[in-house]
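Protein chains in written order, with this note's numbering: chain A, 195 to 400; chain B, 1435 to 1654.
These are calculated hints, taken from the structure and not from any lab test. Among the clues, some could well be false.
[Stated by the list, open to error] Straight-line Cα separation of at most 16 Å, EDC-like style, residue types lysine to aspartate or glutamate; simulated pairs:
#1 B:K1592 to B:E1647
#2 A:K394 to A:E376
#3 A:K320 to B:E1455
#4 A:K320 to B:E1457
#5 B:K1592 to B:E1629
#6 A:K320 to B:E1459
#7 A:K320 to B:E1492
#8 B:K1592 to B:E1570
#9 A:K224 to B:D1523
#10 B:K1592 to B:E1651
#11 A:K394 to B:E1457
[Stated by the list, open to error] A partial selection of chain B residues facing chain A, derived with a Cβ cut-off under 8 Å:
#12 T1453
#13 P1454
#14 L1460
#15 A1463
#16 W1465
#17 R1467
#18 Q1468
#19 L1474
#20 A1475
#21 Y1502
#22 M1530
#23 A1551
#24 T1556
#25 H1603
#26 V1641
Computed from a predicted model, the values in this text were never measured in an experiment. Here a beta-carbon is modelled for each residue, glycine too, at the ideal position from N, C-alpha and C.
Residue-level listing of the chains:
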Amino acid sequence: MSRDHLPEEHTGLAEMELHVRALRTVLEQKGYIDPAALDVLIDTYETRIGPRNGARVVARAWVDPAFRKWLLEDATAAIASLGYAGRQGEHMVAVENTESRHNLIVCTLCSCYPWPVLGLPPTWYKSAPYRARAVKDPRGVLADFGVTLPAATEIRVWDSTAEVRYLVLPRRPAGSNGLSEEQLAALVTRDSMIGTGVPKAPESVR
Amino acid sequence: MTYQSRADLGGQEGFGRVTPEGEDELFHAAWERQALALTLAMGATGAWNIDMSRRARETLPDYPALTYYEIWIKGLQSLLIERGLVGPDEIAAGRMLHPARPGLPLLRVTDVPAVLARGSPTLRPATVPARFAVGEPVRLRAAAVAHHTRLPGYARGKTGHIDQVRGVHVFPDAHAQGLGEQPCWLYTVVFTGRELWGSGAAANHTVSIDAWEPYLEPVS
Chain A
195 MSRDHLPEEH TGLAEMELHV RALRTVLEQK GYIDPAALDV LIDTYETRIG PRNGARVVAR
255 AWVDPAFRKW LLEDATAAIA SLGYAGRQGE HMVAVENTES RHNLIVCTLC SCYPWPVLGL
315 PPTWYKSAPY RARAVKDPRG VLADFGVTLP AATEIRVWDS TAEVRYLVLP RRPAGSNGLS
375 EEQLAALVTR DSMIGTGVPK APESVR
Chain B
1435 MTYQSRADLG GQEGFGRVTP EGEDELFHAA WERQALALTL AMGATGAWNI DMSRRARETL
1495 PDYPALTYYE IWIKGLQSLL IERGLVGPDE IAAGRMLHPA RPGLPLLRVT DVPAVLARGS
1555 PTLRPATVPA RFAVGEPVRL RAAAVAHHTR LPGYARGKTG HIDQVRGVHV FPDAHAQGLG
1615 EQPCWLYTVV FTGRELWGSG AAANHTVSID AWEPYLEPVS
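Taking the hints into account, I'd like the entire structure generated from these sequences.
Next comes the structure, spelled out in structure tokens:
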């Protein structure tokens, strides 16, 4: 393949816009893509499938012990019961943070991520610094996110090297008794479900 | 011919700090939306499988210099050109110059929700019993292979134990080479940080990978 026909390194933004537009035009003229399908794909991941889905799963697990048990035993089925399933979440596993263990999810080989519950991976998740360091220096990575855990806490890093997709079930914040399931979901951040963060304090929704 | 993945980053030094971003920052340019949609729409045609697309991305010579959506676009072009679906001259010209390949299944707008909801499950029926059981020690293959693999370099030759048995899954090493699915048992294998990174690692730091049976050998 000739380099002449590919975008050069450090390509300017305008150049990349033109390049991708050219590729799209070729694919459209050849009848390989339905332009309306592209719009629906973008809209789906920009507005419908994102971390609020996962937050609802976590909040349900916090209020419903039977659901929590199901989630930890068969996450794919438990999550599907709330309507979230499919591409890049075909085989789900939920891992629970406890007082003694904190879980952190990474994909060192590419960008494997549980799309039905968290949507598209953030840029940092796909970046070299995160992929390189999460497995070797998880506490250093957590510090980059402003998170410090007690030295006694075990840190378990899950490298998503197959088609199993991991969701962290974070610990329910202290002082959150009396909050509704919806209020609890508002405490659940995307990063807390990857393991690079912890849920918000209950005061933020009172 | 040797195979070099440039995507195997686990444990490498020198990349610096992670830059966190807010939940609303999904794209940094309009073209990135198009890169996502084109990649998903062409993937849905079945002209290649996900392991072939990973192979195309991780072997890009300039992988380290590219942003992630640049990697996707370059990987997509590489697959399109390899299969003769699009010519390099067409991408340069920005228009069709050769006839399209007939019969490629089109992802229609009306099919998108069902296609996303179905996904591409990789679990297959077991035809042989699992060779390893939970708790058993295993050593990961030490040798490099001359094809796409999902065994990260930092785990090669290391000893861990079986944490979970995940069922029988499509084997990406074969699937990426067009050799069929060759499903085999998949395990979550857990290692101590010290086994992977030496005595400087914290005693309560553990790392797991998901590993297919051909990657594993028994520890006597």
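Verification of the supplied hints:
1. Among the hinted pairs, K1592 (chain B) with E1647 (chain B) is consistent with the structure: their alpha-carbon atoms are about 15 Å apart, no more than 16 Å.
2. The straight-line distance between the Cα atoms of K394 (chain A) and E376 (chain A) is roughly 14 Å, inside the 16 Å bound, and the hint therefore holds.
3. For the hint pairing K320 (chain A) with E1455 (chain B), the CA-to-CA distance comes to about 12 Å; that is within 16 Å, so the pair holds.
4. This hinted pair checks out: K320 (chain A) and E1457 (chain B) have alpha carbons roughly 14 Å apart, not beyond 16 Å.
5. With a CA separation close to 7 Å, the supplied pair K1592 (chain B) and E1629 (chain B) stays within the 16 Å bound.
6. For the suggested pair K320 (chain A) and E1459 (chain B), the alpha carbons sit about 14 Å apart, so the restraint of at most 16 Å is met.
7. Straight-line distance between C-alpha atoms of K320 (chain A) and E1492 (chain B) comes to about 13 Å, which keeps the hinted pair within the 16 Å bound.
8. For the proposed pair K1592 (chain B) and E1570 (chain B), the alpha carbon gap of about 14 Å is at most 16 Å, so the pair holds.
9. For the proposed pair K224 (chain A) and D1523 (chain B), the alpha carbon gap of about 14 Å is at most 16 Å, so the pair holds.
10. Taking the CA atoms of K1592 (chain B) and E1651 (chain B), the gap is about 11 Å. The hint holds against a cut of 16 Å.
11. Using a Cα cut-off of 16 Å, the hinted pair K394 (chain A) and E1457 (chain B) holds, with the two alpha carbons roughly 14 Å apart.
12. Interface restraint check: T1453 (chain B) against chain A, minimum CB-CB distance 6 Å, threshold 8 Å, status holds.
13. A hinted interface residue such as P1454 (chain B) counts as satisfied when its beta carbon comes closer than 8 Å to some beta carbon of chain A; here the least separation is about 5 Å, so the hint holds.
14. This hint holds: L1460 (chain B) has a C-beta 5 Å from the nearest C-beta of chain A, less than the 8 Å allowed.
15. Of the supplied interface hints, the one on A1463 (chain B) holds, with its beta-carbon coming within about 6 Å of a beta-carbon of chain A, less than 8 Å.
16. Among the interface hints, the one on W1465 (chain B) holds; its C-beta lies about 4 Å from the nearest C-beta in chain A, closer than the 8 Å criterion.
17. With a cut of 8 Å, the hint placing R1467 (chain B) at the interface with chain A holds, because the nearest CB-to-CB distance is about 5 Å.
18. Here the hint on Q1468 (chain B) is kept, as its CB sits about 5 Å from the closest CB of chain A, short of 8 Å.
19. For L1474 (chain B), the interface hint holds, since its Cβ comes within 8 Å of a Cβ in chain A; the closest pair sits about 5 Å apart.
20. Because the smallest distance between the Cβ of A1475 (chain B) and any Cβ of chain A comes to about 5 Å, under 8 Å, the interface hint for this residue holds.
21. Hint status for Y1502 (chain B) relative to chain A: holds, with the closest Cβ pair at about 4 Å, below 8 Å.
22. Checking M1530 (chain B) against chain A by beta carbon gives a least distance of about 4 Å; that is within 8 Å, so the hint holds.
23. Among the interface hints, the one on A1551 (chain B) holds; its C-beta lies about 4 Å from the nearest C-beta in chain A, closer than the 8 Å criterion.
24. Interface restraint check: T1556 (chain B) against chain A, minimum CB-CB distance 4 Å, threshold 8 Å, status holds.
25. At its closest, the beta carbon of H1603 (chain B) sits 6 Å from a beta carbon of chain A; the interface hint therefore holds under the 8 Å criterion.
26. Given the 8 Å rule on beta carbons, the hint for V1641 (chain B) holds: about 5 Å separates it from the nearest Cβ of chain A.
Hint check: no violations occur; every hint is consistent with the structure.
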